[in-house]
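Starting from the known structure of chain V, fit chain Y onto it as the hints suggest.
Which chain is which? The protein sequence lines are V and Y, in order. Letter by letter, the first sequence follows residues 1 to 246 of UniProt numbering. Letter by letter, the second sequence follows residues 1 to 327 of UniProt numbering.
Hints are computed from structural coordinates only; laboratory data are not their basis. Everything numeric in this text was worked out from a predicted model, so none of it was measured. Where is the CB? At the ideal position from N, CA and C, for every residue including glycine. Any given hint could turn out to be false.
What the hints assert, rightly or not - Taking lysine-lysine pairs in the DSS-like style, the calculated list, with each CA pair at most 30 Å apart, reads:
id : chain 1 : residue 1 : chain 2 : residue 2
1  : V       : Lys225    : V       : Lys66
2  : Y       : Lys3      : Y       : Lys315
3  : V       : Lys47     : V       : Lys77
4  : V       : Lys108    : Y       : Lys3
5  : V       : Lys143    : Y       : Lys315
6  : Y       : Lys3      : V       : Lys113
7  : V       : Lys77     : V       : Lys122
8  : V       : Lys226    : V       : Lys132
9  : V       : Lys163    : V       : Lys226
10 : V       : Lys113    : V       : Lys71
11 : V       : Lys225    : V       : Lys47
12 : V       : Lys143    : Y       : Lys3
13 : V       : Lys113    : V       : Lys77
14 : V       : Lys77     : V       : Lys108
15 : Y       : Lys3      : V       : Lys122
What the hints assert, rightly or not - Facing chain Y, a subset of chain V residues (Cβ under 10 Å, in silico):
id : residue
16 : Leu73
17 : Gln76
18 : Tyr84
19 : Cys90
20 : Asn91
21 : Phe100
22 : Tyr117
Stated by the list, open to error - To list a few chain Y residues with every Cβ distance to chain V over 10 Å, as calculated:
id : residue
23 : Ile18
24 : Ile30
25 : Gly93
26 : Leu94
27 : Ile104
28 : Leu105
29 : Ala133
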Amino acid sequence: MSVLELRNISKRYGAIQALNNVSLAIEPGEVVGLMGDNGAGKSTLVKVIAGNFAPTSGDVFISDQKMAFHKPLDAQKAGIEVVYQDLAICNNMSAASNVFLGREPTRKIGPIKVVDYAFMRKRSAELFARLKSETRPRDLVHKMSGGQRQAVAIARTLLSDAKIVLMDEPTAAISVRQVAEVLNLIRQLSDHGIAVVLISHRMPDVFDVASKVVVLRRGELVANKKASASSPEEITGLITGAIESA
Amino acid sequence: MQKKDIGLGVLIIVVGAIVYMRNPLFLSPINLGNTANLIGLFGLFAIGQGFVIMTGGIDLSVGSVIALLGVLFVDMVGEFGVPWPAAVAVTIGLGVLIGLAHGILITRFRLQPFVVTLCGLLIYRGIARGYTAESTAGFPFGSSYPQLEWLTIGRSFGVPHSFLAMLIVAAVMWVVLHHTVFGRHLCAVGKNEEAARFSGINTRFVTIAAYVICAVLASIAAIYFAMFTKSVQPSSHGNFYELYAIAAAVLGGCSLRGGEGSVIGIVLGAVLLQELQNLVNLLGIPSSLNFAVMGAVILMGVLADQQFAAYRSRKNTERALGLLQKQ
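Next comes chain V alone, as it looks inside the complex (with noise of 0.2 Å):
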């Protein structure tokens, strides 16, 4: 049983062609590489199947179900979390905070309802523990490394029992060290059964972490492969266009 299916997917802006027809299934807690040059269609399939925006043609699976997604709101529910490049945090925030932010859990003191810090510190803290972080719910985020930040970015994915989780770039700006750390994150989230499709130019990323390689060119599909067998320069190759498919 895939996690999620793609099948067909087309979405065209205009004259312009940014996905046509493809097709991608991904099984739980696999980790798939999505890779591109700029422009090949990453950005618009992630964003279909976030739900930002409809595709003009093809259809989502999730859990072998067919999905209609009209808003972000509708694929969060269906179990995908987005971890977005530019870290969809607020600096002047607790860790904790920013893993519940928008879904603040609350209890009520007679008629009114107050958030639950309490809470939020305890359940954040079993999460960046699961994502062996050393991440301490109350710090600011401001005062964190981009490892860390990125560690607050996944525990709010595990928040809601997330089935996949997008991520963009999540090793774009960072150390190399903080890289090795961000690496082990997803190995985390795929060790629990969630699956990730990790975007990135970063080869050695990719080839560390990722169990299959996608490539997009020009909004066509041209690889689906194993990783293993795969290797760096094949996936250049598809990628430039010097390869054309395999």
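Chain Y in isolation, oriented as in the chain V frame:
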């Protein structure tokens, strides 16, 4: 309480002590009562301004709203004999509408808060002056409204009710800001609107709500000011009040970049501003220098705060380096 709030509190006490040493009248019941009244009046709308500033916006129309709604309120009660509870309801209702208009123009039409509320400042002042044909709106001679007066300008145990009203509003807004989901979302929207939107927060609603809160508190302040001055001169009533509110909010630790602030800080900011006004009066400084004193103290306060923060972070770095070297 945040560190900034404590620093501000200390500053208030130090300034108070200095003024008291130069002029003991500072702590006389009459002076304290009068100052508390002014703190209440200005604190009411400064809290609203703080909420708007926390979203990263600004509301420049507050003073004009106070003038326009003051004129209308006085006219409704004094001229047309509308029962005062109805007049209060209408005034606050107008506040809601003004806030909604600002919020919708800013979120739906994507206009800048500065521009929208600057136009508001001009429009409301203009309407107030046009509506009254530049004449002062006042209550008829000899009229009295005991309940309304008790609520607005009355005192209990020497404490002005305007001050109590401000404390109640502050308490409610403190819970709203620091302990409700809305408060969390307000800080999130102010700091990183995109992140807030991606997190599923209705950012438009949050922003609009902040402007409505600001305008509603301004409308309540308008009633208190109108009752305090008893007559409203449409061209000068409430002039520059938005700047008092902004100054109080900024003194109280609200960042103009949004996302930061505390209700206690804003209230303390309003206290300090009135203390400075009082200082000018009590120390015999020509009242024409009023604004200059205020500006200088705010500037020094902000400067000191920044220097102190830089000093603290330097100390922290040194300590961390020291620990590293020991290892």
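Evaluated hints:
| no. | hint | verdict |
| --- | --- | --- |
| 1 | V:Lys225 with V:Lys66 | holds (25 Å) |
| 2 | Y:Lys3 with Y:Lys315 | holds (17 Å) |
| 3 | V:Lys47 with V:Lys77 | holds (15 Å) |
| 4 | V:Lys108 with Y:Lys3 | holds (29 Å) |
| 5 | V:Lys143 with Y:Lys315 | holds (16 Å) |
| 6 | Y:Lys3 with V:Lys113 | holds (27 Å) |
| 7 | V:Lys77 with V:Lys122 | holds (23 Å) |
| 8 | V:Lys226 with V:Lys132 | holds (27 Å) |
| 9 | V:Lys163 with V:Lys226 | holds (21 Å) |
| 10 | V:Lys113 with V:Lys71 | holds (27 Å) |
| 11 | V:Lys225 with V:Lys47 | holds (22 Å) |
| 12 | V:Lys143 with Y:Lys3 | holds (17 Å) |
| 13 | V:Lys113 with V:Lys77 | holds (23 Å) |
| 14 | V:Lys77 with V:Lys108 | holds (25 Å) |
| 15 | Y:Lys3 with V:Lys122 | holds (25 Å) |
| 16 | Leu73 | holds (6 Å) |
| 17 | Gln76 | holds (7 Å) |
| 18 | Tyr84 | holds (6 Å) |
| 19 | Cys90 | holds (5 Å) |
| 20 | Asn91 | holds (6 Å) |
| 21 | Phe100 | holds (8 Å) |
| 22 | Tyr117 | holds (8 Å) |
| 23 | Ile18 | holds (34 Å) |
| 24 | Ile30 | holds (38 Å) |
| 25 | Gly93 | holds (24 Å) |
| 26 | Leu94 | holds (27 Å) |
| 27 | Ile104 | holds (21 Å) |
| 28 | Leu105 | holds (24 Å) |
| 29 | Ala133 | holds (46 Å) |
Hint violations for this structure: none, all hints satisfied.
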